[in-house]
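Student: Chain by chain, the residues run as shown.
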Amino acid sequence: MPEPLTLRFHKSLYDGEAVRKAAVRFGALGTVQVADGGGDWLVTAVPLRESIRERLGDELGNHALFESILARKGMST
Amino acid sequence: MTENQLTTELAERRVRFQVDESVYDLDVIMGSAYLFLDRCYVFLDRVGDRRVQVVLRTRGAASEEELGALAGQFANELLNQALRKQIGEANGRLREYIMARALFSADGPSTIDRLLAELDAEEMASDDLDIPVPWEKPPGA
Numbered sequence: 062m063p064e065p066l067t068l069r070f071h072k073s074l075y076d077g078e079a080v081r082k083a084a085v086r087f088g089a090l091g092t093v094q095v096a097d098g099g100g101d102w103l104v105t106a107v108p109l110r111e112s113i114r115e116r117l118g119d120e121l122g123n124h125a126l127f128e129s130i131l132a133r134k135g136m137s138t
Numbered sequence: 078m079t080e081n082q083l084t085t086e087l088a089e090r091r092v093r094f095q096v097d098e099s100v101y102d103l104d105v106i107m108g109s110a111y112l113f114l115d116r117c118y119v120f121l122d123r124v125g126d127r128r129v130q131v132v133l134r135t136r137g138a139a140s141e142e143e144l145g146a147l148a149g150q151f152a153n154e155l156l157n158q159a160l161r162k163q164i165g166e167a168n169g170r171l172r173e174y175i176m177a178r179a180l181f182s183a184d185g186p187s188t189i190d191r192l193l194a195e196l197d198a199e200e201m202a203s204d205d206l207d208i209p210v211p212w213e214k215p216p217g218a
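If you're matching them up, the sequences are chains A and B in order.
Take any residue in the first sequence, count from 1 to its spot, add 61: that is its number in the numbering used here.
Take any residue in the second sequence, count from 1 to its spot, add 77: that is its number in the numbering used here.
Simulated from the structure, these hints should not be mistaken for lab results.
Among these hints, one or two may not hold up.
Said to hold, decoys possible - No more than 25 Å apart at the CA atoms, straight line, and that leaves these computed lysine to aspartate or glutamate pairs for DMTMM-like:
| no. | chain 1 | residue 1 | chain 2 | residue 2 |
| --- | --- | --- | --- | --- |
| 1 | B | Lys162 | A | Glu120 |
| 2 | A | Lys134 | B | Glu195 |
| 3 | A | Lys134 | A | Glu64 |
| 4 | A | Lys72 | A | Asp97 |
| 5 | A | Lys134 | B | Glu142 |
| 6 | A | Lys134 | A | Glu78 |
| 7 | A | Lys72 | B | Glu98 |
| 8 | A | Lys134 | B | Glu89 |
| 9 | A | Lys72 | A | Glu111 |
| 10 | B | Lys162 | B | Glu86 |
| 11 | A | Lys72 | B | Glu173 |
| 12 | B | Lys162 | B | Asp126 |
| 13 | A | Lys72 | B | Glu143 |
Unchecked claim - To list a few chain B residues with every Cβ distance to chain A over 12 Å, as calculated:
| no. | residue |
| --- | --- |
| 14 | Glu86 |
| 15 | Ser99 |
| 16 | Gly108 |
Each residue gets a CB set at the ideal place from its N, CA and C atoms; glycine is no exception.
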């Protein structure tokens, strides 16, 4: 079973709803969970295959940032 | 960024640097990051009070020169976004000023005053009752 991947998104930079949207979007590629880690949103992802582990983290991070920027501009998807 | 130059840390497919929020505010940093999302993976982190760390990770292999150039382009975009924001704010104030001048111009009568004057003039010109007044009689009539 692939090792879990943990991503940390600082709350002053990433919107909580945006991170959750990203988690839902990439949920098809593994088990993705979001937790409140105090100053950060903690995302734990277990990819379906080890080969997509790195890519899953990268793409999820980009998507969380994209949604956060839209949320800052009041333009949520 | 410190000492007037971009201080970067390079690793495989990754370049990392910090941005001072007292120089470039968060909207500027976010605006720049947005433009890089389709070129590479962008991660932001807060590493101190008013300091944001930017990590750019390329989608494929990249040389040190390419990573350095990517960071440089991001720094240029920060400047570009800051300038755009400044111009937008300045133009916003100018727009407000022009609107205020148009609505509350002190150079002449307002639209309402002009319309009232036109109505008064029309009423004076057409006296439907045709009431004779002595001061309008021609002398000797």
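Student: Could you check that no beta carbon of chain A comes within 12 Å of the beta carbon of Gly108(B)?
Tutor: violated, 8 Å
Student: Has the given pair, Lys162(B) with Asp126(B), been kept, meaning a C-alpha gap of at most 25 Å?
Tutor: Judged against 25 Å, a Cα distance of about 23 Å means the pair holds.
Student: Take a quick look at whether Lys134(A) and Glu89(B) sit within 25 Å of each other, Cα to Cα.
Tutor: Judged against 25 Å, a Cα distance of about 33 Å means the pair is violated.
Student: Given the hint that Lys72(A) pairs with Glu111(A), does the C-alpha gap stay at or below 25 Å?
Tutor: violated, 28 Å
Student: Would the pair Lys134(A) and Glu64(A) pass a check requiring their Cα atoms to be no farther apart than 25 Å?
Tutor: Violated, at roughly 36 Å.
Student: Regarding the pair Lys162(B) and Glu86(B), is the alpha-carbon distance no greater than 25 Å?
Tutor: violated, 28 Å
Student: Holds or violated: Lys72(A) and Glu98(B), Cα atoms, limit 25 Å.
Tutor: Status holds; Cα separation ~16 Å.
Student: Please verify whether Lys134(A) and Glu142(B) have alpha carbons no more than 25 Å apart.
Tutor: Violated, at roughly 34 Å.
Student: Regarding the pair Lys72(A) and Asp97(A), is the alpha-carbon distance no greater than 25 Å?
Tutor: holds, 9 Å
Student: Measure nothing beyond the straight line between the CA atoms of Lys72(A) and Glu143(B); if it is 25 Å or shorter, mark the hint as holding.
Tutor: It is violated: about 31 Å lies between the C-alpha atoms, which goes past 25 Å.
Student: Using Cβ atoms and 12 Å as the threshold, tell me whether Ser99(B) really stays out of contact range of chain A.
Tutor: Non-interface label stands for Ser99(B): nearest chain A Cβ at 15 Å, farther than 12 Å.
Student: Going straight from one Cα to the other, do Lys162(B) and Glu120(A) come out at no more than 25 Å?
Tutor: violated, 29 Å
Hints 1, 2, 3, 5, 8, 9, 10, 11, 13 and 16 from the list above are not met by this structure, while the remaining hints are.
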